[in-house]
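Trainee: Protein sequences, first through last, are from chains A, B and C. Under this note's numbering, the first residue of the first sequence is numbered 1, with each subsequent residue one higher. Under this note's numbering, the first residue of the second sequence is numbered 1, with each subsequent residue one higher. Under this note's numbering, the first residue of the third sequence is numbered 1, with each subsequent residue one higher.
The set of hints was computed from the structure by calculation and includes no laboratory data. Keep in mind that this is a model prediction, so the values were computed, not measured.
With a cut-off of at most 27 Å between alpha-carbon atoms, the simulated BS3-like pairs for lysine-lysine come out as follows:
1) Lys-264/C - Lys-249/C
2) Lys-105/A - Lys-183/A
3) Lys-103/B - Lys-213/B
4) Lys-213/B - Lys-289/B
5) Lys-240/C - Lys-441/C
6) Lys-194/C - Lys-205/C
7) Lys-103/B - Lys-6/A
8) Lys-264/C - Lys-242/C
9) Lys-319/C - Lys-240/C
10) Lys-48/A - Lys-207/C
11) Lys-260/B - Lys-242/C
12) Lys-165/C - Lys-40/B
13) Lys-260/B - Lys-249/C
14) Lys-103/B - Lys-265/A
15) Lys-264/C - Lys-204/C
16) Lys-6/A - Lys-202/B
17) Lys-441/C - Lys-319/C
18) Lys-290/B - Lys-105/A
19) Lys-103/B - Lys-7/A
20) Lys-10/A - Lys-103/B
Which residues of chain C face chain A? A few of them, derived with a C-beta cut under 7 Å, are:
21) Leu-102
22) Ser-282
23) Ala-301
All C-beta atoms in this analysis are idealised placements derived from N, C-alpha and C, irrespective of residue type, glycine included.
As a plain string of letters, each chain reads:
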Amino acid sequence: MVGSYKKHIKVIMTVLLVIGGIFAAFPIVWMFCSSLKDNSAIFSWPPKFFDETASLASYVAVFTDSMKVRFFINSYIVAGCVVLVTLFVGILAAYAFSRFDFPGKGVFNSLIVSVQAIPPIVLLIPYMGMIVALKLFDTYFALILTYLITTLPYCILMMTGYFNTLSRELDEAVMIDGGSRWKALWGVLVPISLPGMVSVGMYTFMQAWNEYLFALALTQKTEMRTVPIGINLLMGQHAYDWSQMMAMSVLGSIPVLILFIFFQKYFIAGMSSGGVKG
Amino acid sequence: MKLFGKKTAPYRYLLPTLVLMIVFLVVPIIMVIRYSFVDKAVVSPDPQFVGLANYAELFADSSFWNAVSNTIIFVVVSVVAHLVIGMIFAMLLNSKYFTNRTKTIARVVYILPWVFTASVVAILWKLMLQPSGIINYLMSALPQVSRNTEWLSNKDLALAVICFINIWCGYPFYMISILAGLQGISGDLYESAAIDGATLTKSFLHITIPQLKPILISIAMLDFIWTLQSFNVIWMLTGGGPVQSTETLSIYIYKLAFQKVDYSMAGTAATVLLVVCVFIAIFYVRQQKKVRE
Amino acid sequence: MKLKTVAKKVLSGALVGAMVLSLTACGGGSSSSDSGTDSGSGESTEAAGSEESSETAKSEESSGDGVTLKFQQWWGAELPEGYLDDIVAKYKEETGVTVELLTAPWADTKTAITAGATNGTIADIISVDGAWLAEFADMGIIADVEAAGVDASLASDIWEVDGTKYVVPVNNFAYPMYVNMDILEKAKVAEIPKTWTELIDACKKIKEAGYSAFALNLGTTNANGIQNVFGGTGWASGIKLKDDSGAYKTDGNEDLASLAELFKTLYDEECLYPGMSTLEESEMTSNFAAGNCAFTLASAATMSQFTDINFEATTVPVKDDFDGESGICYASWAVGISEASENKEEAAKFVNYLLGGLDGTDGSVAAGLAVEMSAFPNSTVAEPDYSAAPEQFQSFYELYKNCYVINEYIGLANASDVMTSMTNDLVLYLEGDLECDAMLKNWQGYLDEAGK
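This is chain A alone, in the form it adopts within the complex (with noise of 0.2 Å):
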């Protein structure tokens, strides 16, 4: 290859890298600069990316607003849960269906992949019956129980798939020691394999971040509500308070950011092992 054609060819990777990071990241460019502007600015005629108005007085409004502090922490402890038993439960299942041969694999393999199938919204009223029964309405354990049962199968999916390229000689190794399966599993299969767990909960933590609908109707009080909520609460009867919703998804978003930022490294690597099987 001459030096000229791999010289046009990283020409063209830039601009395409260019266009892509523009395509993301322009609107959220857009979202940063109406968080700063006041609510009719956001709508003048000609847009300014920044203009007089500009400051940081939704930010303000936000975080001395206790309930909406309360908001995130809500959202913290929610999805941090959901996070950790996700993976436990996760992690079980995905050992029983990488490790063993048994009746009915295939009849719950494809029940964990079509339950997904159901709109939410038509579920919510027998679900909700469900979660009342068990006196659990109003309280955390009914949002984290949700977010469970509806992160679990893409857990299922793709920690199956991880163990899948783990050799079995690994846990055999264990057991011919003495050891139990309990103790190949979480001893040695589960240190290897946390880049996948980092991805699953990655995953995980943004669908428990981000749920609106059963955060609605499961809780009631406003100490329990979740970010979302919190969101949509701005959306009032005749007008919106556009900057402060700018605001709060802007905040919402930096831990999410953050995490990824942290853990991206193992997040490629876990996709990787997972994917390829799962």
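Since chain A is already given, all that's left is putting chains B and C on it; use the hints.
Mentor: Frame of chain A; chains B and C shown alone:
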């Protein structure tokens, strides 16, 4: 058979999952299916069994078929575009032409659309696409676009715009998964192909695609089911309008349940959707078996 | 004894139990001797779980001296922070009754109430939009307020379905026509239009001057433009969906046809704000606030947002030969008492308090809410002091006194569905894909069909 014997071992590991799925999903799903065979489910204290009458009514409803066709367009376009864009971006981020630092930054930028809740995605795009919004402003250099250009309110354009927005907020999931898959492909394969004189296109078609096939099928299947249910973005952007031109099945079902308070019909439509997805799931599980063998 | 508790709470315990069971069972591997301790630990967790839940239940009951009423509403999100909390805090001070505020986003309050009603988690007092009234009554969600003890003499209007009084408005939001005076000036329109002909002329001039003239929101996420803007324009000229006998009469209704033609003219002259078929009320008012259009009909509650423009709030132009009394469209903050409530009497007392204070003569709560939200109180004893309100509001208040409020969609069965269908047909008509007669015939069909 001993309760804690070897034979029950896999079931013990599956137990928590199965208990959760059966109690919290299968039971409500059965209740939804039951709605579809009765009249005035939920609203009436003793609904009457009506057999398949709800299904007959559903299949006779032209709005249902309109929703089906919108859904097919929406889902197929979204899934295919997610796949293509996800692939292109993943290849870009995997390219050896960029430094690691560039790639790290690009990864964070490219993932941005994924981290926002659906109603925010909708509100944001609505702000940008409104007549006095930034899109019309930036594109007014084009002769076809002015301050009066309608995007979401144009019957012929609305579905395409909705698809575009759904593509925007859904591709990072593919990009990350494919990117991960690309890293799993051994470099040796490409090197030996290069020695055999294979072009870039050839090695893409004969190495990259076959190697990625299992992951592509998995994510496409999951995305298919997720897109089928996509509700919030469309609802907040257009509410199914203008004139039902963006009314997908999930919108149709929402309107039945919460505008018409007709849970029987909503349950019927949901059951139809479930049956379709069960077939897809069976196909998927078979496919997975084939891959493993 | 523990076994009994477990049996009772099997469902709630099963979850935790199953998790613990499988955790320890898997840990035990194939050795069956572990099984005894496994189930033991499972049981104890279950028992602990149920004890915990009964404890929380007790603590809930014992909190507060008297009754606790739950009040589901969206007002708290729109009022200044803490305003509503202060009202209920004061109420508790005076009566010992705790009112717990459950605030949900307006657009989803209906979903939350419907889901709550079918699952027994509904609040005692619920706020109701006019579009939800008939469904809530039909589903048996809301109770007869008069039977519960609401003093009907305190309210100038109570919403009824089939003769039963179900919902009491607290505040009414009138829908004035807002006019951007700067745009009028730039377009050399000297006077605020008073009739349809003047309106059309003004709109044409505004359009020629390069501005958008009239905003009509026909978005269907929340299809209320057909009510507030289209309906509101009609009611100002006495054009109604119902005939004198109170039956819906849109098919062949010539007045309605002329109203539709007015908007068709505006549409054909490109005087309607672009993007009407996905425009929502909130965007419409924000656009007006940003000076993007000259006329709009929107709730008086939004007036306080129009800080950057020079505007007037006035009554809607009337049909050229009309000289009767004008109707003004309104929306409400209204409350009902849920049928499932165990404290209907206490709930009714709180509703009375909102309208007339503790003794039925003190309208200060209602008046305060009204002033805060640029609304008109429905209370007969409230005397709001608007002297601190924007001058535009005060001048509109003078005009308002010569009109009557009307909203024919309040109490309409399946109102949101009917309004969506009507909106879709109106869009088709304006865009030239449907004849006016056919549209009015379709409307008749939706209205007659509703609630059957």
